[in-house]
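These protein sequence lines map, in sequence, to chains A and B.
Read the first sequence against my numbering and you will find it ends at 114, with the numbers running on by one and no gaps.
Read the second sequence against my numbering and you will find it ends at 114, with the numbers running on by one and no gaps.
Everything labelled a hint here was simulated from the structure, so no lab data went into it.
Here the structure is a predicted model, which means the values were calculated and not measured.
Incorrect hints may have been included.
FRET-style restraints, in silico, Cβ to Cβ [what the hints assert, rightly or not]:
1) Leu83(A) with Asn99(B): 30 to 38 Å
2) Thr80(A) with Glu58(B): 46 to 54 Å
3) Ser101(A) with Met29(B): 18 to 26 Å
4) Glu58(B) with Ser79(A): 42 to 50 Å
5) Arg17(B) with Glu82(A): 40 to 48 Å
Built from N, CA and C at the ideal position, the CB exists for glycine as well.
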Amino acid sequence: KAGVTQTPRYLIKTRGQQVTLSCSPISGHRSVSWYQQTPGQGLQFLFEYFSETQRNKGNFPGRFSGRQFSNSRSEMNVSTLELGDSALYLCASSLDTRRNSPLHFGNGTRLTVT
Amino acid sequence: DQQVKQNSPSLSVQEGRISILNCDYTNSMFDYFLWYKKYPAEGPTFLISISSIKDKNEDGRFTVFLNKSAKHLSLHIVPSQPGDSAVYFCAASEGTDSNYQLIWGAGTKLIIKP
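All chains should be built: construct the whole structure from the sequences, respecting the hints.
Put into structure tokens, the structure is as follows:
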């Protein structure tokens, strides 16, 4: 079974631009979550989607948005990029939304904002 | 305000000895805890979990202990192997399957010395 695929792996953008990150979950997984990881910080929860609906949202500004498609693939968009948005963005999928359903992470997209 | 704290940024252990990774939390409502392991350039992978109704859970070389009164959990790896060198994250949640968020610690980098 293929794992979670995130594209692109690396991205360099300029302040003020916008960016779209993509995530393909494991086949059969319907829940997709997005996290931001910065040095010295744990994973910060962005949002979770299940069956195309946003179930939960973390404490991030409205510049961060996402969506999920009918095939469970998900995209995350960040508009008006700021230097502080430079981070590793991780996508995780799980079979369902139960707490004991382990998250399966992709290898992340490393975003650098200059 | 970090609700989940991993106070040791790094830990160095001799191969074959026991590795003990610690995690403290402040929210007494947390009732489900997980450990994930992360290698460089890869996403985290699920290791082991524990519910607050237990004080210990074991899976092979990995054992997680939960001390609810101290709001402390620890991950024991016995014996430690070179492949265990990674960053370890603990995460906690409260709530129900339909409404929860995972709160993550900042991680501890474990180095196993040959």
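Structure-based check of all given hints:
Checked against the hint of 30 to 38 Å, the pair Leu83(A) and Asn99(B) passes, with Cβ atoms roughly 34 Å apart. A beta carbon spacing of about 48 Å between Thr80(A) and Glu58(B) agrees with the range 46 to 54 Å that was offered as a hint. Our hint of 18 to 26 Å for Ser101(A) and Met29(B) holds, since their Cβ atoms are close to 20 Å apart. Distance hint check: the CB atoms of Glu58(B) and Ser79(A) are about 47 Å apart, consistent with the given range 42 to 50 Å.
In this structure the supplied range 40 to 48 Å holds for Arg17(B) paired with Glu82(A), their Cβ-Cβ distance being about 44 Å.
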